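Undergrad: All chains, please: the whole structure from these sequences, using the hints.
When you number the sequence shown by my numbering, it's gap-free, plus one each residue, and the end is 224.
Just so you know, the hints here were simulated from the structure itself, not pulled from any lab data. Everything numeric in this text was worked out from a predicted model, so none of it was measured. Where a beta carbon is used, it is the ideal one built from N, C-alpha and C, also for glycine. Honestly, I wouldn't trust all of these hints.
Stated by the list, open to error - Across the chosen pairs, the derived CB separations fall in these ranges:
| hint | residue 1 | residue 2 | range |
| --- | --- | --- | --- |
| 1 | I131 | V178 | 23 to 31 Å |
| 2 | D144 | G120 | 17 to 25 Å |
| 3 | G172 | S84 | 27 to 35 Å |
| 4 | S148 | Q215 | 23 to 31 Å |
| 5 | C218 | A74 | 13 to 21 Å |
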Amino acid sequence: MPERTLAGNTAKFPAASCHHVALLRSQPRNGVYWIQPSMSNEPFQTYCDMDGRWTLVMKIDGYKSTFAYDQAIWGTKATYNKDHMDMDASKETKLQSYWNLPFSELRLSMVVSGVTKHVVVRYTSSSLYDLIADNTYRPTTLGRSAWKSLIGGSSLQRNCNKEGFN
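TA: Next comes the structure, spelled out in structure tokens:
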């Protein structure tokens with residue numbers, strides 16, 4: 059099959075997921091692909107990290123207030139800077155995958171002094187939007203040491219023992 063017509067290369071031939079994109083290629087590469095998960099009415103583009111079959115949902119710069127805890131952006135089904143589909147952490151983005159992509163694992167990454175570290179939260183949801191937008195607390199069990207591993211030499215408040223999504 060010509061490369062141009064492989065699922066994921068065009069909106070006319072979207073793949074079901076980044077994992078599906080990888081399965082169709084002998085040497086899958088990180089990059090932007092068209093996907094259309096079963097709960098999406100239309101195909102959309104997202105960045106696929108083929109090393110772990112991860113799909114980019116959003117990028118947040120912690121020094122900016124765009125995605126602060128109390129911002130309305132968490133409760134909307136609207137993209138934000140959707141053209142920033144790369145791994146440059148300084149370019150914030152929120153993609154259609156935020157409300158259109160079911161998952162069973164969520165990889166959270168942090169870049170500190172040019173070093174990227176990840177933690178994986180095992181949690182099943184129909185989308186990140188469905189998990190977060192209703193402001194309902196949902197506990198996770200990653201643990202203090204896992205969270206602290208994202209930033210070397212970091213600490214958490216002594217009485218900060220409640221972790222989860224809300």
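Undergrad: Give a verdict on every hint.
TA: Verification of the hints:
Against the hinted window of 23 to 31 Å, the Cβ-Cβ separation of I131 and V178 comes to about 24 Å, which satisfies the hint. Roughly 18 Å separates the CB atoms of D144 and G120, a value that falls within the hinted 17 to 25 Å. A beta carbon spacing of about 32 Å between G172 and S84 agrees with the range 27 to 35 Å that was offered as a hint. Between S148 and Q215 the C-beta distance comes to about 27 Å, which sits within the given range of 23 to 31 Å.
Range check, C218 to A74: Cβ separation about 39 Å, and the 13 to 21 Å hint is violated.
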